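Protein sequences appear in the order of chains P and V. Following the numbering used here, the numbering of the first sequence begins with -16 at its first residue and continues without gaps. Following the numbering used here, the numbering of the second sequence begins with 377 at its first residue and continues without gaps.
Quick caveat, the hints were computed from the structure, so don't treat them as lab data. These numbers were taken from a predicted model, which means no experiment stands behind them.
For each label pair, taking beta carbons as the anchor points, the in silico distance ranges come out as: (1) V/Asp398 / P/Lys323: 17 to 25 Å; (2) V/Ala396 / P/Glu376: 45 to 53 Å; (3) V/Ser459 / P/Ala309: 18 to 26 Å; (4) P/Lys252 / V/Ala435: 32 to 40 Å; (5) V/Asp461 / P/Tyr85: 19 to 27 Å.
Rough simulated footprint, nothing fancy, chain V against chain P, three-plus residues with beta-carbon under 8 Å: (6) 178 to 184; (7) 219 to 228; (8) 310 to 316; (9) 330 to 342; (10) 365 to 376; (11) 400 to 411.
Quick reminder that beta carbons are idealized off the backbone N, C-alpha and C, glycines included.
Residue-level listing of the chains:
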Amino acid sequence: MTELTTLTLAEARDRLRKKELSSAELTAAHVSAIEKARSLNAFVLETPEQATAMAEASDARLAKGEGGPLEGIPLAIKDLFCTKGVRTTACSHILDNFVPTYESTVTSQLWRDGAVMLGKTNNDEFAMGSSNETSYFGPVQSPWRRKGLNAPLVPGGSSGGSAAAVAAQLCLGATATDTGGSIRQPAAFTGTVGIKPTYGRCSRWGIVAFASSLDQAGPMAKTVRDAAIMLRSMAGPDAKDTTCVDLPVPEYEAAIGRSVKGLRIGIPKEYRLDGMPAEIEKIWQQGREWLKAAGAELVDVSLPHTKYALPAYYIVAPAEASSNLARYDGVRYGLRVDGKDITGMYEATRAAGFGGEVRRRVMIGTYVLSAGYYDAYYLRAQKVRTLIKRDFEQCFAQGVHAMLTPATPSASFGIGEKGGADPVEMYLNDVFTVTVNMAGLPGIAVPAGSDAQGLPLGLQLIGRPFDEETLFALGEVIEQAAGRFVAQPWW
Amino acid sequence: MSVDASTVRRIARLARIAVAEDEVDHLRGELNAILAFVEQLGEVNVEGVEPMTSVTPMAMKTRKDVVTDGGDPEAVMANAPKSEDDFYLVPKVIE
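With the sequences and hints as input, model every part of the structure.
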């Protein structure tokens, strides 16, 4: 049974289609793997009965030759996606009894295409965090450990549960969301592949909102091909989200193996940070060589406003969050804590319901939007955002097809190791990924090597708007050269 | 810019989050750490730069002004912490 969990999504799909394997067997193997891996805390809700029923329905469709593109494939769903009749909490106490009466567009498209739901994965509360340590359900342990050591490491965040579930082979892929790096940073930390598509590629309808101008859903998977297969089903127009574009969804899998010869790859000099570990510099160099060997042309480029992306993000994202999270008032859904009057009820509910990081961000957001401070903070940050986007546009206008950067400034770190005294220490994790959200561009993180302690490291490719296909083609080149990084079970 | 204790209390009130008196000092430190970090945006010349309003150039979609959903009070009320006859119950707001 265990070997079924080592299949990639594409391999499992092909075997299901050839009837060499049933979804019932495949799903049972994953359900059992999830049970054995509870110490990782990757799932906040397991749905084995639903998984079994969905798998049986898939097998019936496969038998009739009617299977969809993901027919019978067991997936894990980040707990930020509303799932009808299945508790959805955003890993916040304020929503810990919330059972949606509707299904998010992205997950409904996965079920439309035949996928099977294994359960809901852990994440930082309201997706605010880079280590999965802010979850109301507690931290996730990475399936990776430093060579010869037992200290628990973070899987990254906010999609830490999805990353750990994929890396520990508890599912064939998982949904995730990315507001400042929440798909790509955990992918890099766990040796998995994660793509944040262009803003507007996937519908945000039914996804618990954090910062609406930055949030975007995407897949986390074992391979670049698997991510391409999943994104094909997740993406697409949706009348229920006015920011979701009416563009047809390409057959992303067809980009796997496509030649990258002649593509111009920008190497932004601002991504070389002082004090960056030599190992990060080394895999970046290695990545450049791999792409060059595959026929791509490397060009040095400059994105001069890079260093301002993170501070601008920490104005824009909290501002939008403070507005989005105003809905948690103890009236229509979620937690209610009584107070002496209605304001007292709001204040008591939100004090009890929000964790420390969420409270911090809502307060910062409230402050930067408040009378007298709006122009100095929020308006200035939105102008800086225009400049960040312009930097990218100028490079693309000069014929650059994509850019190659490190995904994170370090490998994974220990649980409890960062951000205790100064919240900004944790924020710096997203220094290479946040620019992409600020500019609305697609970005993919692909495993590219390991550090001296055996922990995976990732590279990031940044693409032109709605050119995810080029990222898949380039990502495949890196994956073919670097090989896959699979955590050895200890749990 | 940095915030003092009375500003922390004012922000908490605006955000409708109860903050105990013994948490104010700690929160002040955290908020000031973030504000110190974003201070560097002051270096950027934003003269004549338009603030971003939409990250991808797109025209707002419109649709016919017709009812597309609704008529399901049970689904709407399903998660209400306190309700009666399909109304949400809240503490008295009008004397």
